Structure formats: C-alpha cells, structure tokens
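A.B. asks: Below are the chains, spelled out letter by letter.
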Amino acid sequence: MYQYTEYDREFLHARVDEFRDQTDRYIAGQIDDDEYKQLRLRNGLYLQTHAYMLRVAIPYGLLSSVQMRKLGHVARVYDKGYGHMTTRQNIQYNWPQLEQVPDLLSELADVDMHAIQTSGNCIRNTTTDPLAGAIEDEIEDPRPWCELIRQWSTLHPEFNWLPRKFKIAVTGALSDRAAVQVHDIGLRLKKNNSGDTGFEVFVGGGLGRTPYIGQVINSFLPSQHLLTYLAAILRVYNLEGRRDNLYKARIKILVNAMGIDRFRERVEDEWQHASNSDDTFTEDEIESLKKQFPLAPHLGGELQQPDQVFSNPLFNQWYLANTKAHRDSGRRIVYISLKAPGTPAGDITAEQMEAVADLADEFSLGEIRSTHEQNLVLAHVPADQLFSLWSALKQHKLATPNLGKLTDMIVCPGLDYCSLANAGTLAIYDQIYQRFDNLDYLHELGDISIKISGCMNACGHHHIGDIGILGVDKGGVEWYQLTIGGHSGNSAAIGKRLGKAIAKSEVADAIERLLSAYIANRNDNESFHEAVNRLGTEPFKERVYDTAA
Amino acid sequence: MTLLRNGVWTDNDAWTPVESHDENESLKTDLQAHHLLNIDQFQSLSLEEKTRAPGVMLNPEDDVQVLKEHLSTLQLIAINFPKYTDGRGYSQARILRTQLNFPGEIRAIGDVRPDQILFMMRAGITSFQFETQPNEQVVQQILTRFKANYQPSYSLPIAG
Numbered sequence: 001m002y003q004y005t006e007y008d009r010e011f012l013h014a015r016v017d018e019f020r021d022q023t024d025r026y027i028a029g030q031i032d033d034d035e036y037k038q039l040r041l042r043n044g045l046y047l048q049t050h051a052y053m054l055r056v057a058i059p060y061g062l063l064s065s066v067q068m069r070k071l072g073h074v075a076r077v078y079d080k081g082y083g084h085m086t087t088r089q090n091i092q093y094n095w096p097q098l099e100q101v102p103d104l105l106s107e108l109a110d111v112d113m114h115a116i117q118t119s120g121n122c123i124r125n126t127t128t129d130p131l132a133g134a135i136e137d138e139i140e141d142p143r144p145w146c147e148l149i150r151q152w153s154t155l156h157p158e159f160n161w162l163p164r165k166f167k168i169a170v171t172g173a174l175s176d177r178a179a180v181q182v183h184d185i186g187l188r189l190k191k192n193n194s195g196d197t198g199f200e201v202f203v204g205g206g207l208g209r210t211p212y213i214g215q216v217i218n219s220f221l222p223s224q225h226l227l228t229y230l231a232a233i234l235r236v237y238n239l240e241g242r243r244d245n246l247y248k249a250r251i252k253i254l255v256n257a258m259g260i261d262r263f264r265e266r267v268e269d270e271w272q273h274a275s276n277s278d279d280t281f282t283e284d285e286i287e288s289l290k291k292q293f294p295l296a297p298h299l300g301g302e303l304q305q306p307d308q309v310f311s312n313p314l315f316n317q318w319y320l321a322n323t324k325a326h327r328d329s330g331r332r333i334v335y336i337s338l339k340a341p342g343t344p345a346g347d348i349t350a351e352q353m354e355a356v357a358d359l360a361d362e363f364s365l366g367e368i369r370s371t372h373e374q375n376l377v378l379a380h381v382p383a384d385q386l387f388s389l390w391s392a393l394k395q396h397k398l399a400t401p402n403l404g405k406l407t408d409m410i411v412c413p414g415l416d417y418c419s420l421a422n423a424g425t426l427a428i429y430d431q432i433y434q435r436f437d438n439l440d441y442l443h444e445l446g447d448i449s450i451k452i453s454g455c456m457n458a459c460g461h462h463h464i465g466d467i468g469i470l471g472v473d474k475g476g477v478e479w480y481q482l483t484i485g486g487h488s489g490n491s492a493a494i495g496k497r498l499g500k501a502i503a504k505s506e507v508a509d510a511i512e513r514l515l516s517a518y519i520a521n522r523n524d525n526e527s528f529h530e531a532v533n534r535l536g537t538e539p540f541k542e543r544v545y546d547t548a549a
Numbered sequence: 001m002t003l004l005r006n007g008v009w010t011d012n013d014a015w016t017p018v019e020s021h022d023e024n025e026s027l028k029t030d031l032q033a034h035h036l037l038n039i040d041q042f043q044s045l046s047l048e049e050k051t052r053a054p055g056v057m058l059n060p061e062d063d064v065q066v067l068k069e070h071l072s073t074l075q076l077i078a079i080n081f082p083k084y085t086d087g088r089g090y091s092q093a094r095i096l097r098t099q100l101n102f103p104g105e106i107r108a109i110g111d112v113r114p115d116q117i118l119f120m121m122r123a124g125i126t127s128f129q130f131e132t133q134p135n136e137q138v139v140q141q142i143l144t145r146f147k148a149n150y151q152p153s154y155s156l157p158i159a160g
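Quick mapping for you: the protein sequence lines, in order, are chains A and B.
Residues 1 to 549, numbered by this note's numbering, are exactly what the first sequence covers, in order.
Residues 1 to 160, numbered by this note's numbering, are exactly what the second sequence covers, in order.
Don't read these hints as lab results, they were simulated from the structure.
Bear in mind the structure is a predicted one, so any value in this text is a computation, not a measurement.
We treat Cβ as the ideally placed atom computed from N, Cα and C, and that holds for glycine.
Take these hints with a grain of salt, some might be off.
[As the list claims (entries may be wrong)] List time: in silico EDC-like cross-link candidates among lysine to aspartate or glutamate, alpha-carbon distance up to 20 Å: (1) LYS83/B / ASP447/A; (2) LYS324/A / ASP447/A; (3) LYS37/A / ASP13/B; (4) LYS83/B / GLU107/A; (5) LYS147/B / GLU240/A.
[Claimed, not checked] Simulated coverage check for chain B against chain A, where a stretch passes if three residues somewhere in it have a Cβ under 8 Å from a Cβ of chain A: (6) 4-15; (7) 135-145.
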C-alpha cells in the first residue's frame with residue numbers, strides 16, 4: 001500500500017495543528033457556530049442527535065494492521081469501545097468529546113490516518129473495489145489512481161466550497177464492485193485497441209432524494225489526462241451547480257438540467273484550457289505510485305474447485321459464502337462479515353479490530369480492506385491456512401457465513417443516532433435478521449441484498465438494493481416504503497417503488513411475502529433483480545399487499 | 001488594519017464598489033481612480049470607456065470571460081464573496097490567472113474569513129479586504145502552517 005513520505009506526515013500534523021487552533025478559537029468564542037461547523041465538517045466531525053460523530057477516512061478502503069490496531073485503540077480510549085463501518089468504506093465513531101478530537105486526530109496522524117474531507121461540501125474519500133489487486137478480472141489495479149486522486153483532491157484550493165458534497169469511485173475490474181454509476185463521478189479503467197490505459201468516465205450518478213444512474217461523459221479518457229479532466233468537471237459544477245436549494249445542489253441535478261451533451265461541451269471547453277496547466281501529473285509520479293501496490297507474492301498450487309466440499313459442514317458453509325477466488329490459485333480472498341446476529345450492522349468492537357489486525361498480520365500480508373457493504377476483507381489468505389483463519393475468526397464472532405446473503409444488509413444509523421433520520425433502521429434490521437436467521441434458507445435463497453435508509457438522503461443506498469427499505473415519518477409514526485429491483489453492478493438500476501408504506505411491525509412479514517413471490521416465480525439461477533426485470537413489480541405487489549384475492 | 005495585500009497589512013486604500021446610480025447619471029465619475037464597477041456597469045460602457053475603467057467587481061454569478069478583452073487595462077479585479085461558503089470566486093480567480101493570464105491584483109471582498117485565505121491565495125487572489133480586523137497573529141499562523149501542498153502547480157502563500 002501507499003507509504004507516507006515525510007512530506008505527507010508533516011502535512012497531516014499541520015492539519016491537526018490547524019484544527020486544534022480552530023477548535024481553541026471556537027471554544028474561546030472567536031469563531032461562530034456556523035463557521036466552526038464548516039471547519040469541523042471538513043475534518044470529519046458532525047454533530048449528531050446525542051453527541052459529536054467523527055468519520056475517519058479509510059482512503060479507498062485500504063488499511064494496514066498498524067492502522068487497524070490504532071482504530072481499535074481510538075474506539076477504546078475516545079469512544080464506547082466500538083466503531084461503525086460506513087457505506088463509503090470509512091469508519092465512524094459516535095461518542096467522541098469535542099475537546100478530545102484534536103488529540104484523537106493527532107493519534108491517527110501518527111499512523112498516517114486522518115478525517116480530512118470526510119464531510120462538508122467538498123471532494124470526499126475516493127472509493128474503489130475492495131478486491132483490487134487480488135481479483136482475477138482486473139484490467140489494472142485502481143488503487144494507484146485512487147491515491148493520485150486522494151492527493152490531488154486533498155485541500156484542493158479551488159474545490160473546497162462546492163455547491164454540495166462530491167464523491168468519486170474508481171473500478172479497475174470487469175465486474176463493478178465500486179458502484180461507479182451511482183457516484184458524482186465514476187471511473188472505469190479500460191484499455192483501448194492500442195493497449196493504452198484510460199477511463200470510461202460517468203458523471204451525475206447518485207442516490208439521495210432524486211436517484212440517477214450516472215451517464216457517460218467520456219468513453220475513453222487517456223489516463224494521463226485524468227486530473228485535468230476531473231478538474232474541468234469540478235469547475236463547471238462549482239460555477240454552475242445550484243446553490244439556492246440544498247436538495248438540488250448535487251451535480252446530478254445540473255447534468256440532468258443541462259443534458260449530458262451540453263454538459264459535456266462545457267466540460268470539454270474548460271478542459272482545453274486546463275490540459276496544459278494545473279492539475280497535471282507526470283508519468284514518473286503515477287509509475288512510482290504503481291510500485292507501491294505490488295501483487296501479493298505468488299504461491300501457486302492447485303486451484304480450489306468451486307464445488308469443493310470440506311468435511312466440516314460449518315467451515316464448508318463459510319468457505320462457500322465468504323471466500324472468493326484470488327488471482328493466485330494458492331490464495332483465497334476472505335470476507336469478514338460485520339453482520340453477526342444480535343449486533344448492529346457494520347459495528348465492530350475494539351477487541352475485534354485488534355483481532356482482525358493480528359489475523360491480517362498472520363494470514364494476509366498485514367493488510368485489511370473495508371467494503372461499501374460495511375464488511376471487511378482479508379485479500380491474500382494462503383488457501384491452506386483457511387481453516388486456521390476461520391477457527392480464529394469464529395472465536396471473535398467474525399465468521400458469520402452470510403456474505404451477500406439476505407442478512408448481509410446495508411443499514412444507515414437511522415433515528416437512533418442521526419439527526420436527519422425520519423425513522424429507525426436498527427430495529428428493522430433486527431426484525432428482519434431474526435425472521436430469517438436460518439442459514440439453510442438463506443443459502444437456498446442465494447445472493448440477495450436488502451438496503452435500509454432512515455430517510456430519503458439514502459445513506460443506506462436503498463435505491464440499489466434488490467429490496468430497498470426507506471423509513472418515512474407519517475404524523476410522528478415510523479413507516480417503511482419498499483422498493484424492489486435495484487442493482488449497483490455493471491447494469492446499475494434504481495429500484496421501483498412497490499406500493500404504500502408498511503407499518504413498522506409488519507416489515508419482516510412483507511419481506512417474507514416478497515421472497516415467497518420470488519421463490520415461486522424465479523427461473524433457475526435467476527437473481528432477484530433479474531426476476532423483477534423480467535416480471536415487473538406486479539406479482540410481488542400482489543403477494544405483499546394481498547391484492548390478488 | 002483590515003487590508004492584507006501581498007502578505008502585508010496595510011491601511012485601507014480607496015478601492016470601493018460604485019453604488020448603482022440613477023438612469024441618466026454619468027458613468028464618467030465612475031471611471032475615477034479606485035472605483036470598482038460591477039459587471040453590468042462595466043458592460044454598459046463604450047469600448048473606449050472600458051479601457052479607462054480602473055477596476056471591476058465580480059459577483060459569484062458573473063462570467064469572467066466578459067473581461068477577456070480588457071484585462072490589460074484593468075488595475076484591480078475584486079471578487080465578491082457575499083457568503084464565504086459560496087466557492088465560485090475560487091474558480092473565477094483560477095480562470096483569471098491560468099486561462100486569461102491576468103497579472104494584476106485580485107482582491108477578495110465581502111465575507112472574507114481568515115481561515116479561508118490560504119485557499120484563496122493559492123487560487124490566485126493576492127489581497128484581502130476583511131470586514132473586521134482579524135487577529136494578525138492568527139492570520140500569520142494560517143499562512144505559514146503548511147510548508148507544502150498536494151497541488152504543486154498552485155502557488156504557496158506569500159507569508160507576511
């Protein structure tokens with residue numbers, strides 16, 4: 001992974017020093033509430049319902065074991081002993097004290113971590129494929145490009161006060177695991193006919209109140225122009241994006257108001273001016289970044305068969321659900337599910353963080369990834385050590401074999417923590433989890449995603465769940481709106497609304513009826529969203545609302 | 001002192017926006033030294049008068065490109081930040097410096113806050129008109145804290 005230089009470290013400590021000074025001046029009454037809010041947001045610090053919340057950046061979801069241990073330490077010392085993995089590969093702490101945040105950030109800086117631009121109307125953490133560098137279907141490792149974007153976007157002088165937040169995702173694989181089409185800018189690495197690397201560039205995707213699938217603004221951007229092109233898009237957005245209405249300020253609204261063709265013209269016009277001046281990088285710079293993401297040492301060996309059966313049925317179940325083929329036949333990619341029964345989705349305790357750090361050192365080259373599904377990945381586990389790893393994970397309740405299955409839900413913090421939320425999400429997660437906590441049933445059902453958001457800001461990405469659940473408030477009562485058929489892979493789609501909202505106590509019942517309609521109607525190996533595409537919403541609607549009778 | 005210019009605190013100078021005036025009032029008086037015309041006022045001038053305009057003030061919604069042909073005679077361009085959270089002025093400054101190659105003074109006016117002037121400087125703004133006197137020591141720290149930055153083609157601040 002990227003190794004910080006002295007320069008990076010000095011920069012981070014200067015940033016901590018700056019925030020400490022700003023916090024001191026705020027406490028002394030020299031900075032008003034409104035301005036301090038803007039300053040703290042750009043350092044990841046929100047004010048939530050009960051307390052401050054700090055969102056720490058995990059750049060493109062990549063962590064060393066040393067950093068993971070520090071996150072555990074932070075959870076123990078500055079929080080209530082746990083952290084929460086987010087849908088953008090970051091980690092949140094829900095209970096830090098304001099006065100202690102500069103010290104907390106200073107401790108993070110000691111291990112090359114920070115919370116810069118994890119909130120506020122600026123360029124956020126760049127996200128990518130959690131299997132980058134380990135998966136076979138890769139055109140090129142996206143992480144050097146993510147690091148380039150991280151550096152370029154960090155305290156960029158022109159783009160710190162955008163109309164609204166701005167999210168970039170990059171994928172280097174044929175199969176998109178980074179949801180690039182639902183980001184403000186999505187980048188897909190590709191090669192042209194001459195073998196040169198470039199990017200397919202999507203713009204204007206996003207969820208929230210008005211979900212849009214990103215549109216192609218450039219089908220092949222030669223890679224050496226990446227930053228100038230990003231800067232041109234950002235400049236057009238900065239100048240022309242709406243600032244009069246918070247809910248219409250994202251770039252997706254601008255792109256759709258202008259139309260993609262006119263938007264492209266404006267960007268190309270800016271880009272012509274930009275391409276020879278600012279925001280450039282040299283071949284040497286990107287080559288030296290690429291050297292920092294070497295392949296895992298090759299082990300080789302016999303390829304594990306997909307239908308391999310191990311004698312221990314529990315291990316076998318976990319192997320099938322939570323491990324994936326590595327590009328090296330001697331290794332496997334291992335997912336650590338943070339959706340264990342009885343714990344909030346995405347939460348991880350200090351002890352678990354430390355355990356994961358130790359296991360990463362022992363089994364996976366000291367490296368950990370976070371996923372936008374709020375799980376973790378050990379990407380390079382030697383195939384002959386899987387049983388040992390599984391046994392150790394089990395002791396820490398980190399071996400729940402439900403990766404990609406119905407109980408592997410994405411859940412925003414909801415009304416219990418978030419001041420924006422209209423409805424609770426954690427209780428709904430529990431309700432569904434308890435109803436379907438039968439592993440045989442889950443495995444028979446196959447891969448299916450449920451995504452739950454507590455309000456239309458859609459932090460739980462409900463629009464792109466096979467089944468999306470949106471909490472709404474009706475006269476002080478929590479109701480839940482279902483959508484079906486959403487998808488975030490290569491054929492991204494926004495889910496369709498099923499019908500009227502469901503009462504809180506009846507959500508699991510409704511899901512059960514939805515699933516029975518799916519099982520009754522599905523063809524062989526047909527996924528849930530494929531079935532919805534083929535059948536439309538009607539058969540599902542009839543079953544859920546019992547309108548067929 | 002509320003004016004920071006090229007990293008040095010100075011007494012306020014006379015640069016000031018021209019109030020919008022009655023229909024038939026002569027614009028000639030506005031072409032006096034240190035008058036900042038807004039874009040509408042500037043656009044209403046004849047070509048010859050435009051060459052005598054000393055300075056203009058850009059509001060966030062203004063298109064910088066309208067100044068393209070007149071940059072060699074303008075002494076100062078003020079960028080107005082009605083609210084510090086509106087970042088359009090940063091792009092305006094950047095376009096003036098890198099696309100239009102304006103060499104003169106660019107001044108931030110309006111809701112200018114000490115904690116933002118480092119970004120402004122790096123975007124190409126060279127002077128700052130504060131509404132109230134900031135703590136000079138705080139400003140000094142803000143301008144000298146970062147020794148380098150991640151966008152090398154953008155200038156480092158001129159520390160006072």
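A.B. asks: Each hint should be assessed against the structure and marked as holding or not.
C.D. replies: Evaluation of the provided hints:
| no. | hint | in the structure |
| --- | --- | --- |
| 1 | LYS83/B / ASP447/A | violated (49 Å) |
| 2 | LYS324/A / ASP447/A | holds (14 Å) |
| 3 | LYS37/A / ASP13/B | violated (33 Å) |
| 4 | LYS83/B / GLU107/A | violated (34 Å) |
| 5 | LYS147/B / GLU240/A | violated (33 Å) |
| 6 | 4-15 | violated (count 0) |
| 7 | 135-145 | holds (count 5) |
The structure fails to meet hints 1, 3, 4, 5 and 6 from the earlier list, while all remaining hints are met.
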